[in-house]
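Participant: Produce the entire structure from the sequences given, and follow the hints as far as they go.
Protein chains: 4
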Amino acid sequence: MQRKYPIGILGATGMVGQRFIQLLENHPWFEVEWLAASDRSSGKTYGEAAKWRLDTVLPDRIARMTVAPADPEGAPRIIFAALDAAIAREMEPRFADAGCAVISNSSAYRMAPNVPLVIPEINADHLHLIEEQPSRGASGGYMVTNPNCSTIGLVMALKPIEERFGIEQIFVTTMQAVSGAGYPGVPSMDILGNVVPYIGSEEEKMEAETLKLLGRLDGHSVIPLAARISAQCNRVAVEDGHTENVSIKLGNKLGRAATRLELLSAWAEFKPLAGQGLPMAPDQPVEWAPQDDRPQPRLDRNRGRGMAVTVGRLRPCSILDWKFTVLSHNTIRGAAGAAILNAELLASLGKLEPVVEAIARA
Amino acid sequence: MQRKYPIGILGATGMVGQRFIQLLENHPWFEVEWLAASDRSSGKTYGEAAKWRLDTVLPDRIARMTVAPADPEGAPRIIFAALDAAIAREMEPRFADAGCAVISNSSAYRMAPNVPLVIPEINADHLHLIEEQPSRGASGGYMVTNPNCSTIGLVMALKPIEERFGIEQIFVTTMQAVSGAGYPGVPSMDILGNVVPYIGSEEEKMEAETLKLLGRLDGHSVIPLAARISAQCNRVAVEDGHTENVSIKLGNKLGRAATRLELLSAWAEFKPLAGQGLPMAPDQPVEWAPQDDRPQPRLDRNRGRGMAVTVGRLRPCSILDWKFTVLSHNTIRGAAGAAILNAELLASLGKLEPVVEAIARA
Amino acid sequence: MQRKYPIGILGATGMVGQRFIQLLENHPWFEVEWLAASDRSSGKTYGEAAKWRLDTVLPDRIARMTVAPADPEGAPRIIFAALDAAIAREMEPRFADAGCAVISNSSAYRMAPNVPLVIPEINADHLHLIEEQPSRGASGGYMVTNPNCSTIGLVMALKPIEERFGIEQIFVTTMQAVSGAGYPGVPSMDILGNVVPYIGSEEEKMEAETLKLLGRLDGHSVIPLAARISAQCNRVAVEDGHTENVSIKLGNKLGRAATRLELLSAWAEFKPLAGQGLPMAPDQPVEWAPQDDRPQPRLDRNRGRGMAVTVGRLRPCSILDWKFTVLSHNTIRGAAGAAILNAELLASLGKLEPVVEAIARA
Amino acid sequence: MQRKYPIGILGATGMVGQRFIQLLENHPWFEVEWLAASDRSSGKTYGEAAKWRLDTVLPDRIARMTVAPADPEGAPRIIFAALDAAIAREMEPRFADAGCAVISNSSAYRMAPNVPLVIPEINADHLHLIEEQPSRGASGGYMVTNPNCSTIGLVMALKPIEERFGIEQIFVTTMQAVSGAGYPGVPSMDILGNVVPYIGSEEEKMEAETLKLLGRLDGHSVIPLAARISAQCNRVAVEDGHTENVSIKLGNKLGRAATRLELLSAWAEFKPLAGQGLPMAPDQPVEWAPQDDRPQPRLDRNRGRGMAVTVGRLRPCSILDWKFTVLSHNTIRGAAGAAILNAELLASLGKLEPVVEAIARA
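Residue numbers (this note's numbering), protein chains in the order written: chain A, 1 to 362; chain B, 1001 to 1362; chain C, 2001 to 2362; chain D, 3001 to 3362.
Errors might be hidden in some of the hints.
Claimed, not checked - Listed below are the simulated DSBU-like cross-link pairs for lysine-lysine, each with C-alpha atoms no more than 30 Å apart in a straight line:
1) B:1044 <-> B:1004
2) B:1249 <-> A:253
3) D:3004 <-> C:2249
4) C:2271 <-> C:2253
5) B:1249 <-> A:249
6) B:1051 <-> D:3004
7) C:2253 <-> D:3249
8) B:1271 <-> B:1253
9) C:2249 <-> D:3253
10) A:249 <-> B:1253
11) C:2051 <-> A:51
12) D:3004 <-> D:3051
13) B:1249 <-> B:1271
14) B:1004 <-> B:1051
Unchecked claim - Cβ-Cβ distance ranges computed for the label pairs, FRET-style:
15) C:2059 <-> B:1085: 40 to 46 Å
16) C:2048 <-> B:1315: 17 to 23 Å
17) A:69 <-> C:2128: 46 to 52 Å
18) D:3113 <-> A:56: 38 to 44 Å
19) C:2061 <-> B:1137: 52 to 58 Å
20) B:1253 <-> C:2044: 39 to 45 Å
21) A:56 <-> C:2039: 41 to 47 Å
Please keep in mind that the hints were generated in silico from the structure rather than gathered at the bench.
Quick reminder that beta carbons are idealized off the backbone N, C-alpha and C, glycines included.
Facilitator: Have a look at this one:
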């Protein structure tokens, strides 16, 4: 690849927007060339407009860039979107209609029948849905989404098991980091020394998205996995990293009960992107932590540069079949990193070329 | 009641020992007259021996008391025990054999067939088991235990439901406060900005104790509730107050599905100790929090002076029948307060009199 | 006193407003009869309008009260004000002009020459300044303020020393709780596992207010204490309770160097309100903590029901003379409790009667 | 440099020992070949003996190494020591006597007249003191120390100022991370939602070490800087990174008052190791943070891979001359990284060669 794809970021000043900038710094394929945010920020330099909250230094080049208005005019053809759902609902189709590949982290269109909800390791074939989008035929533009930050760790842990054994029931309780709520997000008065056993709409998203991600592409749409799922979502005093207690009832694909070793092997051998050379893809997407008291967010969230999920504590469940704990970095694997990996997958499939060429011809 | 029962505390310098002292200050029935701790503390004043970690001032009278060796000789006949399980296993029977009523917070004998594991609101009738203890006949002494701090909130929430509807399956995930591990207990390096998805033996205790507490006294022993239970226990960065996400499958006592309103009524009307005048007993043992995001440990743990448990977020579960969240103060309702309420129940039943009189006669 | 003074609260839904409600529940002299907040809340019940964040239950009577518009019309004559400075600047004079005694926690008028900035134990005589306010002559109304939450603990610790020895230089570094910033206030992303070494305008307020409080009433105005003061303010991950490291250079009132014992005695014997029967006044306003590692916010903030400040770690300073640590509850002694104690002082001085009677006559 | 120096770590299982392992992984000059710890660990593999608490994965090679007894026999000639002071006092001289270069993070010998206390950017010339050690003549071995974690950030910020303007008085208040206390270290019950205004012996260490570090080598000993210093040390709920509020009175080297710009320039231009190629040395040892609310531990501790210190909030002080805030990573720049940089300096000065060769000849 001789030169990098120019990309833009919608919602560049928020927490996920900042992660996009951090993760794309020195990315071999993509180059940030356009940053957009709300009208309040537009016209300022990024350094003035954003309150940088990450623990790496804001790159100088980015700090000096001027924040553009959130308009497709003048924007690159590849757009990472980190917008609130209400704004995304209106804005993302505008960019797709204008011919952009909109790679979105928002919840607005995740469950739309013709919008792929994709994790490259899980359901790359669902990308076919972009061909069902009207904008695709008209301008070449389209929308692709990644799941909610709490869904993604769960599905990464479930997929290798579902493939080999089937899954009929899923019980999940989350303990989610505050960064998942953005900035300013969760007030410190709510979370210091506390647990908040509620995150608005989170349980509903988690239940629906999980079944779509594990579902089967059937011509023009996705048939969700026929499993029952029950989610309980809590906020805890953790900066980054969602911890989830999971219990599952297996299906009967194997024709007999699975052993603990077979489950561990399913995770260990799960490397669907091996050899594809996607820069953000972790070598070992699902890592096993053998210690009794792991995974833990502070110690395990950065595995695979934040892109691997960690599972541990696999043991029998007296109600369903097996229980375990899964941990993933919510703003890397669960948000910005997820979208970048989706973009890398699209690039490797040639789905970015026509978009970029279309505009080159124009 | 003309004069107070003199009582002693075994393990008086630890976190639960300190709570005993705090809660017994100005108690109308009991007076702390003896404090024992490890050999290292023995002979010092309590003020020197204990690192007081509560947010009320250590009473002067207690600070000046000399810590006694942990020996029944010279101890009062009513003993609150807050010992580590390994030490309790050896020491509690010694005090019972010497004629003491040992009201223990330790796990050592909770599951022993002839030791009652009691929450006064739940299974006061199980106290009958003390008559099965050899020491009872010999010296009058006996042992009574209260459950683990994580069990007690769960069982308080389940009992009103079990009575009316039956319970067949129980799924529980805990987010437990650090004070449950005593002092020094959980290192700050382990819990700041973190979740530890493991507490040694906690899941096993929670599962076994819950079924014994909800079990039926059958002559000389307790038949555990015939339900399936699966627990997952986590430590979170909370000082006091255990939060638990619970999901249950009801039994068929009602002959039809229970409504949400019927469940709420079961909790609201659950007042088994009403009119008995036990000083530690909360007026409303199970309080309902109607807000979406409650209960929360920092806001709800002190309801009923730390003796009420709070339930909230009742909603259908797509795998079992109902799910909800329960919150209880782990060192008050879950430890020292639980033991004191057990002692109050014993006093009201006349089970302390013979013990005290036996020694008075001697 | 036969019946209670009816009082109103401006800014009733905020954190300090909530503390007013909590502390005034069952107050022997005052009765909350009117609650006002922003237009957004007006017309709702208080239970609907406020997100109650305290760990006691919101009283039913208050929850059912309707939030009034922030207008003197129909308001009681005694008003506790817990407004943001910008709003207070416009609104408090309106209430004073309408004949109300405005007892304010806001910073808007603390440094105004004719507005008393008062801590009853420190400078009750400064109250005379209300007679300098134009509204006092016109309608009988007036404004009284209490200091910033970080100032109040410092001044409580300094006053007994200043009286006996004089103070020439004051060096103070604060570690302040998040509740001082209100709700939502400090984002959790900013403070979990972190220190923020800056609080806007706090250092300036602390320096100016301290000298005014320790100043001398001279006819129509206050002459600030002629001392040099340097403040550094930090936010830390604490819910309630401001910790301050203080170093001071004494004056020469004694004619010789003061001993450690003399400083301790100054604190121990400081009881300027003794015998006055003000309900919120702590018996021992400045408590000494003898342990090496105290005071600590979690353990000491509730002394004197949150109204006492705690000092500890007194030791020589190699640059100034002495250094020590002081701790105070920032939303009780440092805000709502401070204002209520001011109101109690005004009541005991007969300064509330004319206000209330003026309206009774009208 | 053709092959790496083999090195050993004394106290390898503790928090600082773990940081040594982490920072030495892939170090271009040093190779970990020997790990020693207490008798309890000796003979186990490192993976079994250590509870790894860092957020990078423990290298496999290290995990499989057997922990050796803490004896010079069989140990490499270059030893990084991360021992408790009491153990270090006995053990470090034994290794020096046996011919080892002991590069110690312990406080045991920091203030010994013939032991250099060194930060390479500050006082590399003090290394000459090793020639004053009896072991140096006998076996070639010697001891070198680095300062306490709270001292190092302070001195890094002071040195550039002292060089140009002189410093007469130093006032410092620290807010220190829990990792500074090792593992298990600070109990979570002590620090969650809390501040502990005391760290045993820390203030004394900080005061004495600062003056020695800024002192002048005079023949056979160091004459401490003739300045007055007063330290107040607090523990806060931060995982890593010590924050310090500093106020200073300048000397008169300049002959006039220094300007703010001159102070900023002193920091910006301070690059005493430039061009020396020491791998751990940061390009910019003292970084300036221009934002009002910086530095902050969570955001700034990793600058210069944890080896740079960050200063901010420079402003006049009304008692001394200037005040500012400094932040440094306490287990990298303040402990393991400091010792490694000392070793790199020794290597570049040829002070490791004779030691290694001595043993090669033997």
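Participant: Each of the hints needs a verdict: does it hold here or not?
Facilitator: These are the hints, each one checked on the structure:
no.: 1; hint: B:1044 <-> B:1004; result: holds, 26 Å
no.: 2; hint: B:1249 <-> A:253; result: holds, 27 Å
no.: 3; hint: D:3004 <-> C:2249; result: violated, 56 Å
no.: 4; hint: C:2271 <-> C:2253; result: holds, 20 Å
no.: 5; hint: B:1249 <-> A:249; result: holds, 16 Å
no.: 6; hint: B:1051 <-> D:3004; result: violated, 50 Å
no.: 7; hint: C:2253 <-> D:3249; result: holds, 27 Å
no.: 8; hint: B:1271 <-> B:1253; result: holds, 20 Å
no.: 9; hint: C:2249 <-> D:3253; result: holds, 27 Å
no.: 10; hint: A:249 <-> B:1253; result: holds, 27 Å
no.: 11; hint: C:2051 <-> A:51; result: holds, 27 Å
no.: 12; hint: D:3004 <-> D:3051; result: holds, 28 Å
no.: 13; hint: B:1249 <-> B:1271; result: holds, 23 Å
no.: 14; hint: B:1004 <-> B:1051; result: holds, 28 Å
no.: 15; hint: C:2059 <-> B:1085: 40 to 46 Å; result: holds, 43 Å
no.: 16; hint: C:2048 <-> B:1315: 17 to 23 Å; result: holds, 22 Å
no.: 17; hint: A:69 <-> C:2128: 46 to 52 Å; result: violated, 58 Å
no.: 18; hint: D:3113 <-> A:56: 38 to 44 Å; result: holds, 43 Å
no.: 19; hint: C:2061 <-> B:1137: 52 to 58 Å; result: holds, 56 Å
no.: 20; hint: B:1253 <-> C:2044: 39 to 45 Å; result: holds, 42 Å
no.: 21; hint: A:56 <-> C:2039: 41 to 47 Å; result: holds, 43 Å
In this structure, the hints that do not hold are numbers 3, 6 and 17, in rising order.
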